[in-house]
Amino acid sequence: MENIEIQPTATTPRISFRPEEGHFEISGKSLPENSYDFFQPLLEYVEAYAEKPGDSTRLVFKLQYFNTSSTSHFLRMIKKFEKIHSAGKKVEVHWFYDEEDEDMKEAGEDFKILLKLPIIIQGIKMD
Amino acid sequence: MGNHQLIFGYRGSLSNDLISSLIQLVDCKLKEQEAPFRVKKSVINILIEGLQNSLFHSTEVKKKGGKEDYSLFLLGKSKDAYVIRIGNFVEKHTQDALLGKIERLNAMDADEIQQMYLDVLDHGTISDKGGAGLGFLRMIRDSGNKLGYSFEPTDDNRIFYCIEIVVSTQSGK
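Line by line, the protein sequences are chains A and B. Residue numbers for the first sequence follow this note's numbering, so the first one is 1 and each next one is one higher. Residue numbers for the second sequence follow this note's numbering, so the first one is 1 and each next one is one higher.
Simulated from the structure, these hints should not be mistaken for laboratory data. You may find that some hints are simply not true.
Derived DSSO-like pairs: lysine-lysine, alpha-carbon spacing no greater than 30 angstroms straight-line [said to hold, decoys possible]:
| no. | chain 1 | residue 1 | chain 2 | residue 2 |
| --- | --- | --- | --- | --- |
| 1 | A | 52 | A | 90 |
| 2 | A | 112 | B | 101 |
| 3 | A | 112 | B | 146 |
| 4 | A | 125 | B | 29 |
| 5 | B | 31 | A | 125 |
| 6 | A | 105 | B | 146 |
Residues from chain A that keep clear of chain B, each with C-beta distances beyond 12 angstroms, as calculated [as the list claims (entries may be wrong)]:
| no. | residue |
| --- | --- |
| 7 | 2 |
| 8 | 3 |
| 9 | 4 |
| 10 | 19 |
| 11 | 22 |
| 12 | 47 |
| 13 | 58 |
| 14 | 83 |
| 15 | 121 |
A short list of chain A residues far from chain B (calculated; beta carbon distances all over 10 angstroms) [unchecked claim]:
| no. | residue |
| --- | --- |
| 16 | 1 |
| 17 | 5 |
| 18 | 7 |
| 19 | 20 |
| 20 | 27 |
| 21 | 50 |
| 22 | 51 |
| 23 | 82 |
| 24 | 86 |
| 25 | 117 |
| 26 | 118 |
Beta carbons: idealized from backbone N, C-alpha and C, even for Gly.
All chains should be built: construct the whole structure from the sequences, respecting the hints.
Encoded structure:
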């Protein structure tokens with residue numbers, strides 16, 4: 001599979017999917033007007049990866065802002081990684097938030113309630 | 001804005017890029033005012049949901065051949081709270097559905113709102129517009145307050161529909 005590198009815009013996040021390294025990262029601001037159009041191709045890509053996943057996979061979120069329709073797609077995406085995890089492979093979700101940003105921390109905790117794979121929620125310094 | 005000092009106001013058409021710029025401006029304004037991070041984040045989250053919702057309504061009107069009209073956005077401050085008002089025109093027949101939705105949510109307590117947020121996030125259907133029906137829930141959850149609203153009839157059988165959300169600057173939600 002080829003890597004996906006999408007540069008961020010004012011309303012869409014940076015995407016860096018490097019399947020050979022088992023590294024999938026979404027960062028920045030996610031408020032596309034039509035989040036389905038933006039995320040659907042990425043979901044299909046992850047679905048293809050899930051058919052032949054690596055031994056160890058990391059899904060990393062480092063977000064500043066998001067709209068709620070993006071959240072729904074994040075959940076759909078994490079669920080695809082959850083399937084890889086329940087098939088016995090190592091999968092970790094790393095949910096980073098600005099250490100001041102309690103709201104973003106809570107957004108990570110919402111996913112933890114809804115999902116059964118390891119989600120590591122960690123405050124860091126962000127610009 | 002009544003007893004509030006107006007911090008920022010916008011009246012005009014919206015696009016998603018414009019929403020992003022408005023958010024950046026409000027971010028700067030709130031930093032300048034030394035608003036606590038939690039308050040700033042809540043205001044911005046509410047703006048993202050409210051303005052994108054307003055953009056959705058005006059796009060719907062345009063799709064049906066209606067003329068494009070303005071949205072209104074006001075950010076005000078009182079001694080211990082920020083007040084956000086977002087308004088736009090909707091067709092008259094949508095009033096009952098909007099009113100019913102808001103009143104149902106306003107009757108719920110914080111735990112019920114949180115539970116419903118998770119339920120809709122987990123099971124809600126994603127419309128082809130990408131909206132997931134989580135916007136109002138997030139506004140209520142982030143502000144910790146009920147949604148205020150008004151519906152003003154216009155001459156041409158439409159409604160100017162406005163929501164108001166208060167974000168307290170005191171600690172806790």
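Hints, verified against the model:
At roughly 13 angstroms between alpha-carbon atoms, residue 52 (chain A) and residue 90 (chain A) fall within 30 angstroms of each other, so this suggested pair holds. Only pairs whose Cα atoms come within 30 angstroms are accepted, and residue 112 (chain A) paired with residue 101 (chain B) is accepted, the gap being roughly 28 angstroms. For the proposed pair residue 112 (chain A) and residue 146 (chain B), the alpha carbon gap of about 27 angstroms is at most 30 angstroms, so the pair holds. For the hint linking residue 125 (chain A) to residue 29 (chain B), the alpha-carbon distance of about 22 angstroms falls within 30 angstroms, and the restraint holds.
Restraint check for residue 31 (chain B) and residue 125 (chain A): the C-alpha separation of about 17 angstroms stays at or below 30 angstroms, so the hint holds. Between residue 105 (chain A) and residue 146 (chain B) the CA atoms are separated by roughly 23 angstroms; this keeps the pair inside 30 angstroms, and the hint holds. Against the 12 angstroms criterion, residue 2 (chain A) stays outside the reach of chain B, whose nearest CB is about 26 angstroms from its own CB. The beta carbon of residue 3 (chain A) is kept farther than 12 angstroms from every beta carbon of chain B, the shortest such distance being approximately 25 angstroms.
No beta-carbon of chain B comes within 12 angstroms of the beta-carbon of residue 4 (chain A); the shortest separation is about 20 angstroms. Against the 12 angstroms criterion, residue 19 (chain A) stays outside the reach of chain B, whose nearest CB is about 25 angstroms from its own CB. The non-interface label for residue 22 (chain A) is consistent with chain B: the shortest C-beta to C-beta separation is roughly 26 angstroms, beyond 12 angstroms. A cut-off of 12 angstroms between C-beta atoms confirms that residue 47 (chain A) is not in contact with chain B; the least separation is 16 angstroms.
Under the 12 angstroms C-beta cut-off, the non-interface status given to residue 58 (chain A) relative to chain B holds; the minimum distance is some 23 angstroms. For residue 83 (chain A), the shortest C-beta to C-beta distance to chain B comes to about 16 angstroms, beyond the 12 angstroms cut-off, and the non-interface label holds. Annotated as non-interface, residue 121 (chain A) keeps its C-beta farther than 12 angstroms from every C-beta of chain B; the closest such distance is 16 angstroms. Listed as a non-interface residue, residue 1 (chain A) keeps its Cβ farther than 10 angstroms from every Cβ of chain B; the least gap is roughly 25 angstroms.
With a least beta-carbon separation of about 22 angstroms from chain B, residue 5 (chain A) lies farther than 10 angstroms from that chain, consistent with its non-interface assignment. No Cβ of chain B approaches the Cβ of residue 7 (chain A) within 10 angstroms, the least distance being about 15 angstroms, so the stated non-interface status holds. The Cβ of residue 20 (chain A) sits about 30 angstroms from the closest Cβ of chain B, beyond the 10 angstroms cut-off, so the non-interface label holds. Distance to chain B confirms residue 27 (chain A) as a non-interface residue, since its nearest Cβ pair spans about 16 angstroms, more than 10 angstroms.
Non-interface status of residue 50 (chain A) relative to chain B is upheld: no Cβ of that chain comes within 10 angstroms, the nearest being about 20 angstroms off. The Cβ of residue 51 (chain A) sits about 23 angstroms from the closest Cβ of chain B, beyond the 10 angstroms cut-off, so the non-interface label holds. The Cβ of residue 82 (chain A) lies farther than 10 angstroms from every Cβ of chain B, with a closest approach of about 12 angstroms, so its non-interface assignment holds. At roughly 17 angstroms from the closest C-beta of chain B, the C-beta of residue 86 (chain A) stays outside 10 angstroms, upholding its exclusion from the interface.
Chain B leaves residue 117 (chain A) outside its interface by the beta-carbon criterion, the shortest separation being 15 angstroms against a cut-off of 10 angstroms. A cut-off of 10 angstroms between C-beta atoms confirms that residue 118 (chain A) is not in contact with chain B; the least separation is 19 angstroms.
Of the numbered hints stated above, none is contradicted by the structure.
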